[in-house]
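Asker: Kindly produce the complete structure, drawing on both the sequences and the hints.
There are 2 protein chains.
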Amino acid sequence: MNILLDTMGGDNAPGAMVYGALDAIKEQGDFEITLLGDRRSIEDILINEEYDKSRLHIRHTTQEITNNDKPTRAIKTKQDSSMVVGFNMLNNKEGDVFISTGSSGALLIGAITILKRIPGIDRPALGSVIPSKKGRVLLVDSGLNMTCRPDHYEQFAYMGSAYMKAVFGIESPRIGLVNVGTEEEKGTTVIKEANKLLRGSHLNYVGYIEGKDLFTGVADVIVTDGFTGNVILKLIEGASKFIFSGLKNVLYESWRSKISALLLKKGLTSFKKSLDPDVNGGAPILGVNGLVIKSHGNSTAKTIKHVILKADALARSTYMDDIKNELEHLHNDKTEVLVVKE
Amino acid sequence: MNILLDTMGGDNAPGAMVYGALDAIKEQGDFEITLLGDRRSIEDILINEEYDKSRLHIRHTTQEITNNDKPTRAIKTKQDSSMVVGFNMLNNKEGDVFISTGSSGALLIGAITILKRIPGIDRPALGSVIPSKKGRVLLVDSGLNMTCRPDHYEQFAYMGSAYMKAVFGIESPRIGLVNVGTEEEKGTTVIKEANKLLRGSHLNYVGYIEGKDLFTGVADVIVTDGFTGNVILKLIEGASKFIFSGLKNVLYESWRSKISALLLKKGLTSFKKSLDPDVNGGAPILGVNGLVIKSHGNSTAKTIKHVILKADALARSTYMDDIKNELEHLHNDKTEVLVVKE
Chain A
4 MNILLDTMGG DNAPGAMVYG ALDAIKEQGD FEITLLGDRR SIEDILINEE
54 YDKSRLHIRH TTQEITNNDK PTRAIKTKQD SSMVVGFNML NNKEGDVFIS
104 TGSSGALLIG AITILKRIPG IDRPALGSVI PSKKGRVLLV DSGLNMTCRP
154 DHYEQFAYMG SAYMKAVFGI ESPRIGLVNV GTEEEKGTTV IKEANKLLRG
204 SHLNYVGYIE GKDLFTGVAD VIVTDGFTGN VILKLIEGAS KFIFSGLKNV
254 LYESWRSKIS ALLLKKGLTS FKKSLDPDVN GGAPILGVNG LVIKSHGNST
304 AKTIKHVILK ADALARSTYM DDIKNELEHL HNDKTEVLVV KE
Chain B
4 MNILLDTMGG DNAPGAMVYG ALDAIKEQGD FEITLLGDRR SIEDILINEE
54 YDKSRLHIRH TTQEITNNDK PTRAIKTKQD SSMVVGFNML NNKEGDVFIS
104 TGSSGALLIG AITILKRIPG IDRPALGSVI PSKKGRVLLV DSGLNMTCRP
154 DHYEQFAYMG SAYMKAVFGI ESPRIGLVNV GTEEEKGTTV IKEANKLLRG
204 SHLNYVGYIE GKDLFTGVAD VIVTDGFTGN VILKLIEGAS KFIFSGLKNV
254 LYESWRSKIS ALLLKKGLTS FKKSLDPDVN GGAPILGVNG LVIKSHGNST
304 AKTIKHVILK ADALARSTYM DDIKNELEHL HNDKTEVLVV KE
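Line order of the protein sequences matches chains A and B.
Under this note's numbering, read the first sequence as residues 4 to 345, first letter to last.
Under this note's numbering, read the second sequence as residues 4 to 345, first letter to last.
Treat each hint with caution, since some may be false.
Same chains, same names: a pair is fine if it fits in one copy or spans any two.
[Claimed, not checked] Within a straight-line C-alpha distance of at most 25 Å, the following computed SDA-like cross-link-like pairs (lysine to any residue) qualify:
#1 Lys195 <-> Gly300
#2 Lys215 <-> Gly108
#3 Lys237 <-> Ser277
#4 Lys189 <-> Tyr211
#5 Lys237 <-> Ser248
#6 Lys269 <-> Ala304
#7 Lys189 <-> Asn70
#8 Lys327 <-> Thr116
#9 Lys189 <-> Arg76
#10 Lys215 <-> Ala304
#11 Lys275 <-> Phe247
#12 Lys275 <-> Tyr22
#13 Lys189 <-> Gly108
#14 Lys269 <-> Arg259
#15 Lys261 <-> Lys276
#16 Lys189 <-> Thr75
#17 Lys215 <-> Pro153
#18 Lys261 <-> Ser273
#19 Lys189 <-> His299
#20 Lys275 <-> Asp26
Don't read these hints as lab results, they were simulated from the structure.
Answerer: This is how it looks when you write it as structure tokens:
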């Protein structure tokens, strides 16, 4: 198992990636990591560290794709960037999974043009894991496709279902579609059409899901467009910060409350940790021929370590086969619809 | 000051409305309330209560508009429904503000067809108050218009600005536009066009605002389409419930934590209360000739009491004049754009 790690991009490059990789190989013993980026910057960090040199490699690259680059042009012209080299190595089977904190737009274009889409998928999508009362929930699309056709939502559902089955072992993942109410006539025309497609699919579709029910565990996969998905993901982050900061004020307002704060410290820390997006292992780009994981721009070494460990598990899972099998159903669904129409 | 209160519709009708009205007149002394609905059901509750009879009136109506009715048809045909009678009384100056927990769709249609839109407004919108680190923030549209044109966002911004100025006394309310990032090139085509219109307006526009910054107080008015707004509003409710329920588990897991729970009770209760949507006083339908406030379907007597007190303050404010003055600027903005184009 070889994990390809882009050390360019993000706010804490390359330190967060290099230290994250070191922590990951210390924590688990059965994979190798190839660090992609500027050899000298990487070696400057590694020189002071002790680690198993047979498990950590460097692939020197000379270019960087930034958030200011136009994605399509950058992927085309920056052939020796850490990102393009990563995609090419993944494509040539020189690695099993590619992790990057770089520009979402460039990652999407790279994934589409170099790895290519899985047949049946028009729009690859980002899947992000969010917490819920009954375990983890996958939010698809959480930020790549700003506007969607009804059949795109259906594709997101198939990809999300395959992912939750392979990675979290859920037999028949329940799919929910984000809407403004649960009654059939609610929402936009596009959402109502997507609802019809999902009702007619082979998926375990449970219907519309409202904002207030995202955390109640009524679905394992929550499907939405990338605009709404991004707002949801960041709103969860903001709401959690807002509430915990208010809570902190309550805990430190008097000597009585400070005593309580001490007594509660362990429980509160572990609860807060369960909400921490850092431990959820990054967001997979679903729907392309290869495993690509996007980690957020302000990832720390801790984030990267968790992403590497989850990526290793994902690469060992049956996800790539599962998603192709699931998409057979999507083809069948479409054929049936066509037959009915004729 | 006469407040018109629809006692039909919602999960707790008519009890929540009647008790809420009784509590409101007991708490403050300078307005009257007219209860609209079935006289007998209302009197069955009032008969056991002591109150100032000169301040609480009943206007008997015989019909009800439910969530299952088609809004346009219902407003047209159910002329003796509590909702249509309420709109007509408001229109005839027999009341100063109309409060209802009924169907959003019917309220919107009633407001548009009976009260009419303020010139310059194409799409009336729902404004909901959400908490933030630095006071209250108005979210417009929080649920009426599923898809919007760029100029609709600009109208929402003008209406929200006037509301925050009149009701919360904010001199020059800061306007933010919900998007997936803060860079100019982010988002959908419609959002990018709305951004340009807002930049060219007379408003105090601060630019794009991401989900994670909704609570940081960087804007006083947050503008979005009704689909995203509804998801945001309900997500805040869900996230708050989810986090407080996790917190409850932490507080009751051991004898040590139970002691802390006792010491923290007062602080926690008051913090939780500050997040409670019930104390925010309902959501105004902005952009029509008259003050209409929608309270959510599961409003309790406590909710209704708060909505009545806020409605009274709104009716005494300069809001209706302010919004018309603000819209003068909107007309001027448009004229300027036309002049530039010619």
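Asker: Need the list of violated hint numbers for this structure, in ascending order.
Answerer: none
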